[in-house]
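Peer 1: Sequence:
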Amino acid sequence: MVDTVNLLEPSPMQRPSLSHALQQVAHAYRGHMAQTIRQADLPLPGTHVRALKAVCYMEGCTAQRIAQRMRRDKAQITRVLNDLLDSGLILKACNPADKRSQILHPTSAGEMMMQRIQALEQQTLTRMTRDLTQEEVEHFIRIAWHMTQNLEGDLPPDN
Numbered sequence: 731m732v733d734t735v736n737l738l739e740p741s742p743m744q745r746p747s748l749s750h751a752l753q754q755v756a757h758a759y760r761g762h763m764a765q766t767i768r769q770a771d772l773p774l775p776g777t778h779v780r781a782l783k784a785v786c787y788m789e790g791c792t793a794q795r796i797a798q799r800m801r802r803d804k805a806q807i808t809r810v811l812n813d814l815l816d817s818g819l820i821l822k823a824c825n826p827a828d829k830r831s832q833i834l835h836p837t838s839a840g841e842m843m844m845q846r847i848q849a850l851e852q853q854t855l856t857r858m859t860r861d862l863t864q865e866e867v868e869h870f871i872r873i874a875w876h877m878t879q880n881l882e883g884d885l886p887p888d889n
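Note that the sequence shown ends on residue 889 in the working numbering; no numbers are left out.
FYI, nobody ran anything at the bench for these hints, they're computed from the structure. Here a beta-carbon is modelled for each residue, glycine too, at the ideal position from N, C-alpha and C. It is possible that some hints are incorrect.
Taking lysine-lysine pairs in the DSS-like style, the calculated list, with each CA pair at most 27 Å apart, reads [stated by the list, open to error]:
| id | residue 1 | residue 2 |
| --- | --- | --- |
| 1 | K822 | K783 |
| 2 | K783 | K804 |
| 3 | K829 | K783 |
| 4 | K804 | K829 |
| 5 | K804 | K822 |
Beta-carbon label-pair distances, calculated as ranges [unchecked claim]:
| id | residue 1 | residue 2 | range |
| --- | --- | --- | --- |
| 6 | Q853 | D828 | 35 to 43 Å |
| 7 | Q769 | I871 | 22 to 30 Å |
| 8 | V755 | P826 | 19 to 27 Å |
When you get a sec, could you build the whole thing from the sequences and use the hints?
Peer 2: Below, the structure is given as C-alpha cells:
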C-alpha cells in the first residue's frame, strides 16, 4: 500500500496507477503552493490566486470567461472577484462588446501581487523539478498537455 500520509514511494511489488500518480503530483503541488503562499503572508486563497491570474493574463477578461475557464459557478467567481475588487487588486471597466458584462483589469497592486505569486510558483517549480533534466521536464509538459487535450475534447461545451 502506498503511504499517502508520508508520501513514501511504493514498494517494488506495487505498480502505481497513472491516476494515483497524477493525484499525488497535483496534491503535492497545490499543498506546497498553499504552504508557500501562507508563509509569504499573502492574503489570498487558491481560488483567488487563480482568478487574479486570469485577470492578469486573459485578454478581454470577464467573470463569465473566468467561470468557464475554471469550471466554476459564475456566482462563486463573482464573490471571488468582489473580494479582489475590495482588496484593490482588480478594477472593472465597461465592456464595449457587451454592455451586460465588464472587462476586468489588474491594478498596480494586483500586478505586484501577481509578481510575488509568480516568484513563489517558481520556487515551488524549482523544488518540484529538482534532479530532473530539462528534457524530462519538457517531456512531462508535452505528455500532460496531450492528456489534458484528450480529456477536454470529451467535455460538453461550457455554457
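Peer 1: Look at each hint and say if it fits the structure.
Peer 2: Comparing the hints with the structure gives:
1. K822 with K783: holds, 15 Å
2. K783 with K804: holds, 17 Å
3. K829 with K783: holds, 24 Å
4. K804 with K829: Cα-Cα ~17 Å, so holds.
5. K804 with K822: holds, 16 Å
6. Q853 with D828: 35 to 43 Å: holds, 39 Å
7. Q769 with I871: 22 to 30 Å: holds, 27 Å
8. V755 with P826: 19 to 27 Å: Since V755 and P826 have Cβ atoms about 41 Å apart, the given range 19 to 27 Å is violated.
The structure does not agree with numbered hint 8 stated previously, though it agrees with all others.
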